[in-house]
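A.B. asks: If you want the building blocks of each chain, they are given just below.
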Amino acid sequence: MKLRSCKFLLAVLALALCGLPASRVLAQGLTLDIINGVPSAIPITVVPFAFESAASPPSTRVAAVIRDDMVRCGKFRTLSGPDIVEHPSHGSEIKFPTWKLLKQDYLVIGRERDVGGGQVKVSFELWNVNTQKQMLAGAYTALPEDLRGVAHQIADQIYQKIIGQPGAFYTRIAYVTTTGSRKDMQWSLIVADSDGHNPQVVVRSRQPLLSPAWSPNGKELAYVSFESGDSALYLQNLATGQRRLISGRKGINAAPAFSPDGTKLAMCLSFGGSPEIYVMDLKSGQLTQITHSLSINTEPRWMPDGQSLVFTSDRSGQPQLYSEPLSGGGATRLSFQGENNSDSSINYDGSQIAMVQGNGNVYRIAIMDRKLDNQMRFISPGPMDGSPSYAPNGSMLLYAATDNNGKGVLYEVADNGSVRQRLALVDGNVQSPSWGPYRVPPSAQP
Amino acid sequence: MKTFARISLAALLCVGLAACASKQEVKPQAPEATPPPPAAPVQTAPVSNGKFTPADLETNACLLKRRIYFNFNRANIKPEFDDIVACHAKYLVDNPGARVTLQGNTDPRGSREYNLGLGERRANSVEQAMEALGANADQFTVVSYGKERPVCNEMTEACWAKDRRVVIVYTKTE
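Going down the list, the sequences are from chains B and D. Under my numbering, think of the first position of the first sequence as 1, with each following residue one higher. Under my numbering, think of the first position of the second sequence as 1001, with each following residue one higher.
Simulated from the structure, these hints should not be mistaken for lab results. Treat the numbers as computed from the prediction; the structure is a model and nothing was measured. Built from N, CA and C at the ideal position, the CB exists for glycine as well. You may find that some hints are simply not true.
[To be verified] Going by beta-carbon spacing under 10 Å, a handful of chain D positions derived as facing chain B:
#1 Ala1086
#2 Glu1113
#3 Val1143
Go ahead and model the full structure; you've got the sequences and the hints to work with.
C.D. replies: Right under this line is the structure:
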């Protein structure tokens, strides 16, 4: 319930601040774009959920949302509409030989019914087709407009049961859109569901906005705004819309990144003469300078243990990735392959570092596997890809790309590169994406 | 209105002094990535003491050029832009109260944050060159937009060349 009022507040805030309906910036043109067949993907069927009340069913099709989640993470393949030949909604109705014949390993079934007060109860079951055993069963009660969130939470449970790691479908993403002509450009910072649905305007400006960074609890965003005429760092509470200036020093104030415990913010500041990495204690505002190289040092990212930072520096002539412990001791170069590497994203356990690798005029997202002798593999085709951002479970990444018409779009890609989903605006650019942390379901909030 | 008055004054002075010889040497400009600005609407000549005045900002062929272009991932000023740097530096020396903002920009290749650094490096490079010619550090404000304000949206070298620029913006002319 608390979350709902937050959403409402955000919408009202957007209207109040900008006088424009949030629908102007609705994420449009969502398409699921399967790049490669994935022979090793796990076959799972999500049967459309039965609606068991007399009233008309809600417009959100819970099973379809779950099915899309399963597919876009790259670890599953699903049967689509006409191939789903039977529609059981209770375990007792499942005819296992049918699903064995269709070579399915898992089956998700469910049902919805009206429980009064405008609420819908969604019940679901996960079955193993081979053992014919129920693996999961559960239920959520929610308002119709929250059913997408319910579907993502069910998808997370299924993912965790089968893969053995937490799902990250019930999460949010932040990104920046630009609309309008060059003389009349408008920047908007948006927060949306992980699949691009339910976009909400966080801030809107006639000057550039970039580099949103999530606080670890998902309640705040730090970002760069040029509203004062130059770059400045702001920290904004998503629920209330209240914000404060973190740094508006002379020169660059940019590249925010929260420490894993949320008490510090790493950033790039150039008031000292060159862009260097600093860490600010958010309570006291005290700054500690980390790099002293007189070159460009930016894009700090925290290692999961909070003890060191990975950042981009051109101290060797070209941008490359370095790491440096907060306790001092100097920087170690991490990236050696390719002409230049920048804009890293570190997965949840630090075993993988995604980055933008540039070779000539081709910029692609590469993942360095630190457990496999720093082996690099590309997961995006280029030629102008950037801003990779890991989902909190490391199973997917979000990144920015420029399409053939010069338009900025986002892609969500499975960490094995197998499946890509495009997120685009009909009449504008989408850029600077950032994947948020795990989200606390509204029912679990105090 | 002020500008108009000054232009009129300059024109009057010009008429009064009849065929005053040009003391301000304006060297021919090397070809650059963008078409040159339109020709000045009035015939001008510097006032007799050889100092630039605010009116010259509207009329002087060199001062009308406010963009300096760079090579990819570089911040050094190419020789063909030395004249532009020099005439604006002279203007700042001649008009100690004048203030400029140097806006650094990059092409879209590379990350947003790295390009903020690169844009600043380019603007700093222009500031340092002007200071070496006598302009005062107090006269400058540097803003880097990085790749956030492209002038061109095609993915071609010709387009990128236009993006890699420092724009000189006068915020106070005297």
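A.B. asks: Each hint: holds or not?
C.D. replies: Hints, one by one, checked against the model:
1. Ala1086: violated (25 Å)
2. Glu1113: holds (4 Å)
3. Val1143: holds (5 Å)
Hint compliance for this structure: hint 1 is the single one not met.
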